[in-house]
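S.K.: Starting from two chains that each stand alone, build the complex the way the hints lay out.
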Amino acid sequence: MATLTQSDSCYTEQFGPTLSFAPAGGWGSRQPDKLVKTHCCFCGVQCGIQLKVSDNKVVGFEPWEEFPVNQGKLCPKGVKRYLQNDHPDRLLTPLVRTDSGFRAATWDEALSKTVAAIKSIQGKFGKDAFAFLGGASMTNEKAYLNGKFARLALQTANIDYNGRLCMVSAGAANRMAFGVDRAANPWSDIPLAKALLITGANIAECFPILTDHVWRARDHGAKIIVIDPRITPIARTADLFLPVRPGRDSALANGILHVMIERGWIDEAFIAAHTHDFDKVRALVAKYTPALTERITGVPAASIVKAAEIWGPAETSMLLHARGIEHHTKGVENVLTYINLVLATGRIGKPGCGYGTITGQGNGQGGREHGQRCNQLPGGRDINKPEHREFIAKFWGVPEPELPKQGLTACEIMDAIERGEIKGLLSISFNPLVSIPDASRTRAALEKLEFLGCIDFFLSETARHADVVLAGSLQEEDEGTVTTGEGRCVRLRNSVSPPGDARVDWQIICDLAARLGNAAAFNYARPKEIFDELAAASKGGPIDYSGMSYERLEQNFGIFWPCPAPEHPGTPRLFEGGEFHHPDGRAKFHAFDYRPPAEDVDAQFPLFFTSGRVVSQYLSGTQTRRIGALVEQYPEPLCEMHPRLAAKLGVKDRDLVRVSTRRGEITVPAQVVTSIRPDTVFVPYHWPGRKSANLLTNRALDPISKIPEFKVCACKVEKVADAPAQPARQFPARSQRAASTR
Amino acid sequence: MNDALEFFIDPSRCIGCQACVQACGECDTHRGTAMIHLDYVHRPTGVQTTPVVCMHCEDPTCAKVCPADAIKQDEQGVVLSAAKPRCVACSNCVLACPFGVPKMQTSFDLMMKCDMCYDRTSIGRKPMCATVCPSGALFYGPRDYVEKFRREQPVNEFQFGAQTVRTKVNMMTAPGVKALPFDVADFLPFEALDEDPLALARAGAPDVADAAVWHELHDPKAELELICE
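Sequence order for the protein chains is A and B. Numbered as in my numbering, the first sequence ends at 742 without a single skipped number. Numbered as in my numbering, the second sequence ends at 1229 without a single skipped number.
Among the clues, some could well be false.
[Said to hold, decoys possible] Below, computed lysine-lysine pairings styled on DSS-like, alpha-carbon distance capped at 30 Å:
#, chain 1, residue 1, chain 2, residue 2
1, B, K1148, A, K350
2, A, K385, A, K405
3, A, K405, A, K124
4, B, K1148, A, K194
5, B, K1103, B, K1168
6, A, K652, A, K691
[Claimed, not checked] Covered stretches of chain A, as calculated for chain B (at least 3 residues, CB under 8 Å):
#, region
7, 24-38
8, 51-63
9, 70-78
10, 239-245
11, 290-300
12, 636-646
13, 674-688
No wet-lab data here; the hints were simulated from the structure. Where is the CB? At the ideal position from N, CA and C, for every residue including glycine.
Looking at chain B on its own, in the form it has when it is part of the complex (with noise of 0.2 Å):
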């Protein structure tokens, strides 16, 4: 693996097209399972969406509940997924992973993660899920390019409780931030606040031929009030 070569996610790029599930799948040493996940945030109240590949720690939480010594990592701090022979599927690191990323394949009784794509990125090949991704949620590229032209910056250090994760993958945090409304209803004109749905659509319709703005657009003196308001 080229070490100049990082990865970065930026869920604020993400629009949840699902290429990087349906691509990680198409890999053939899991015929068709996805190692990563892509989830709304909360789509009832908005269209956000969020890749979780794993971030790969320094330290992985992950092998050190693991009661069977079943997951290494590689010399360039890649964690792999759990050793068949060992994984006894018991669990422990899918509920102790802080990042909700390993999952447990119950066909095969086995612990299965995204290793970033071992077989792509030791050829110097950018992993799967990165290469296809459209928005450049998931990017995988020197820093020199995300420092240079992204205006998100990477962080790779995360506070859980007493716990310190440090991890190779980046995450891209917006600079600034600062609440972003979701609700259409946020975006409409003040008065239409408190209005009934259907009143909403009103203005316009041949029913309310008085009241509409279509029929006052037509009437000579309502215009020129209108014009001069």
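Chain A extracted, bound-state conformation (with noise of 0.2 Å):
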């Protein structure tokens, strides 16, 4: 029963989350010995960047100007990213639970004692019973590795990964619209756009490097419209700002294809000659009047109208989106009513003209290609589909049937748990407990795990649950590729070697393989044996990388899939001349009537509420919440509310409110800001226990992607305490002078 055995505050006496403030053998002491040319490990931008190493430790950074696509430029987790290594919370042994936390472990006990469990659960409960939960941060090669280590070795369906929380319903609209899942432009392309629509997507705060390109559009002469319940910096100075009602988003996209439709600016021919089904959409947005998607978003009429014309007759244009309309219950359709406004103007597949979702983590976009999602095979190919596990099971070397079949997916996995169906679970750079919605469901699901292993470099709130814990590797102890929001595949350079007894994760899976009898299909001496394996399974697939090395990843800046041959040179723009990748050659229109969300205000809980990142935390705060200066940036959650909502409820800045659903309630302080719709709170996710925004979420699914409803559920707020008192103003006093400073 992987229940806690000691009291949480024990646990961070002894594993942090500790504060690192300054680089390892301190500041005076920084002469690097090498700068290594690498990739920053948060966020789906992968921005380029130098790291200082001394001593086999990163000491540092140095912009990398060079990186076309980030030129040097960082955003503070960027700066401040490499004081996550020589870290004092930095797991140097593997780890084994005992009456009162953990003690340390060898090697030989750890594995051990996770092939035991793993042996002992599949032989009482079956091969499924026995879960894999892989994570969107880590390389291709451990996307791969993951995939094939649980169909081949665990030989479980149930393999999934954390990008399930993240961008997945962008990955399924992609594919029902286009026929292939990736961004369809370079981000180069956003300057050239003359209208930029930018959707549910906090861009300075989660994806700060594209603010530039987004501004250098602006130069340009791009008009730019932002579609948000808040304010956020980038819809600050936008042309026009449509404050959206949660969970109405695609009633919204349908009410300006209504007006693009009426005014004519629409690309008939485009239509007719690379497109299907436009007319089940012209026949569904006939109602969705300005004056009824008013009544339906709380967007004026008049600003919807504003969006189609800047929109519709626009020379060129960028659809772009993230989270904040993929995060719901109806998510897929979401994306597919914002693509159709790009589809009916036809400005795709041309400089400055497309479409992007924004990944949010590290490898957000190559993270969902290799085969860790429970319905993945390499190559981007579909589990239920005879030839493309012929083709795998072949090159694999194992019989098709002996191919487990879709398994379930993140959240179905915690809930098969909770149900007690699936038994044991092993899990590798994914922090459920704070990351998945309704976490006292979640906490509970841990807890009646008869074996919980987690493979991790420091230990996270769901790590304190596990029964064994492996201790892996950061992002610079390793190497090998991303592939990032843009679909170009970028060489990720090893900085130093794991601490301690710490190994490579890599490493780490190869010997749980070896150990359950599968040594001979796990036996890679380095990570580019198994790129090129991942690359030779992708060939031919949807996702085609058999074109690329490590060579020509490295003198190209990266490569942009699909890259079939050696001499091909990657395809930074999809869909030129209105190829798409279905087996027609067309796209494909969605009609989707607007739907409310799995749960709408009511009398009992009247308020919206939203969550969402800060610009110096990523995900659930494994890494960043351990980084001193990151930490005093935004310390803790706070809930926004606008004035209007915190008069009548009585609350002013920084008053302590409880936010309550069905599902929990945590107490924060308010931060009293214009910047929020007034019927709206939010409360960004970054943190655990008791502050967790996932107590309060909503762990409703998209039936098609199985996302969950992160982005709007019933709320209500109560005010508990005053503001502490802010200590009276001190003017500095003049210290002593210390002859130490002199």
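M.R.: Dropping the structure here:
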């Protein structure tokens, strides 16, 4: 039973989060032995960065101005990311649980215990009773290896990854609309667009580097439309801001298309030659008049018309979106209704014309391509398609019937653990206790597990529940590749080796596979061999890397897939000449009527609750909550609310408020600001325990993508205490001049 | 330093991410302490932030008010932090600077401020803050580029009462400045302006079933009326 064996504070004392403020060896002694050109470990932009390495420790950074995407630019996470290295909380040995916390273990003991638990659980309850959860912050090599490990060594159907909480609605919609799952354009197309429609994407805080691309478009005369319930920093100077009511996105897109059709701002020739099903959409949106759309979405009819006036006749245009429209029980429908706005204009597959979801995780794109999803095999192949199964079975040298079938998605795995159907779990680079909605249920589910194994570099809140923790590797301690949000596969360089007895993740997976009797299929000397294998496995598949090699990636600042041959230059822009990836070469429109979110406001819970990121934190905070300067920038979650709502509730800035939903409650300080809809409150999600926004959120899933509805549920807010009194302002007193400072 | 490169600040581009401040603190000469700062203008009413680096005045007020003659300019016109042996930590410069730049570092009893990354600019590189700034709010490069590609205009002359201050660093100003609304309420439908915040959320909500748009939408008669209006 994976219950905690000591108090939370005891774990915190031993394993952190501890705040690290200064580089290894201190500020004065940072003469690097080498500068390593690699990439930041946070977010799907994957900025180029040079890490300063001294004595096998990362001691600082230097901008890498030659890398074309960010040209040396970084956000605060990138600037301070090196402080995760040589960190006091770093796991240096495997751990096994005791009656009071953990004790250090040898690798032999930890691996034996893990393998014994796998065999015992699978022997008693069947192969699928043991599940595997991976992550999208890991390299392509590890994503491929996780999938292969689950299918060949664990032989379980139940493998999925934390990208299920992130980009899957966009991925599913991309495949349905275009026949392929990738942003259609390189980001270098953004500055060429004359109209930008940014919906549900807090670009300035979640992908700060892309801000410069947006501003450059504005310099060239682009009009910018931002759709969001909050005036985010990118919305502040937008030409048009549409404050959409949470959960109403598809209605808004339908309303904009209604006006475009009425005014004739659609490309009939393109629609006829390159698409299907526009008639269904035309018939559907006929009823979405500006007046009706205003009533559903809370956006003024005049603004809806204005959006169509900017977008409709534009010469070039890009649609950008992120989790804001994707984290819904109709996430796929939202994305498809927005894609309709692109297809209707025919402005795609040309310079400055197209579409892109901006992936949130470090390898959000590559992590979803190489087979660590429950419905996917390497090369973006479909686990349910006989010819795809046959290809991979042959590639791996196993009979096709032995390949597991489609399993459960990440949240469904947690539900199955709760129901007692899944008894064992191995998790790598995933902190579901903080990141899956309805955290009380996640905790209860973890406590029901007969065995929980975690591979991680820090002891995450989830790993506190583990029976065995295998000390893995930070990004800079391994090498490999990641594929950025624009579909560019880039090379990560090894900066340092793992400290203490920690090992690189892929070796741990291979060791486990060997002990499960699969040594031959998991015999790699270095990540390059895994990459060459995954590239070969992708040959002829929907996501083709077969022309890539480490050397080519290094020479070209990365390569965009598809890249089907060693002499192929890669494909920065998809769909040129209106050629889409469905078998008939056409894109598909989808007509989705608006439907309400799974949980809408009512008399008992009268306000919308929504959640998201702040610029200084990343995902569940396992890394960024340990970096002092980032924590000081935004130390604890605040509940953003509009002054009108605050006045009604009798709340003043920094008063403590209790936010409750049908699933739980948290008490946090209020931040009273005019930059949020008066009917909505926002709390960022990076924190665990009693400050966890995911105690409140709703685990209702999109029927297609199985993404949970992070972005809208119903809540109530009550004041519980006045703001703590501010200490009187102290004027700095002159200190005694210490001899040491002179 | 390459004379052709100049520093440009454009608060309209600033997204408040603090990358500049965090990166400034990374300099080995000031060991984790940033020499620049970035603040919200007024967070309750908006998300506008503004980065503050030293403007490097031609005739620096901070140096003029320094009783110890501790603040020097180099031959390129860069105004340096107070010289350690001279600074008496009186804070005159902190109070006198029209841009609010210098800060007293009480732990060192020394005024420390941005020196435009002398270690980098002196070898032809960009200052750290302007290298990492993800939004281009801090930009270091040729004036030609700014004049050709940016829609804002650079100015480097400021009037503070009777005092005219000319600076080495340029501030970008928007062409045709107009007031921008910063309250979500300004973007809502007109009728919503006087509404109870709770009522705003109601359209489509199950408990207001009969009045809700969603239900009207599924009542063919009501739908017809809506389409005809």
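S.K.: With reference to the structure, classify each hint as holding or not holding.
M.R.: To see whether the hints hold, each was checked on the structure:
1. K1148/B to K350/A: Distance of about 25 Å is within 30 Å: holds.
2. K385/A to K405/A: holds, 10 Å
3. K405/A to K124/A: Status holds; Cα separation ~20 Å.
4. K1148/B to K194/A: Answer holds: K1148/B to K194/A is near 18 Å, not above 30 Å.
5. K1103/B to K1168/B: Holds, at about 20 Å.
6. K652/A to K691/A: Distance ~20 Å between K652/A and K691/A Cα, so the pair holds.
7. 24-38: Check passed, 3 qualifying residues.
8. 51-63: It holds: at least three residues are needed, and the region 51-63 of chain A offers 3 whose Cβ sits within less than 8 Å of chain B.
9. 70-78: holds (count 7)
10. 239-245: This one holds; 4 residues, not fewer than the three required, reach chain B with a Cβ under 8 Å.
11. 290-300: Contact hint for the region 290-300 of chain A vs chain B: holds, 8 residues under 8 Å.
12. 636-646: holds (count 4)
13. 674-688: holds (count 7)
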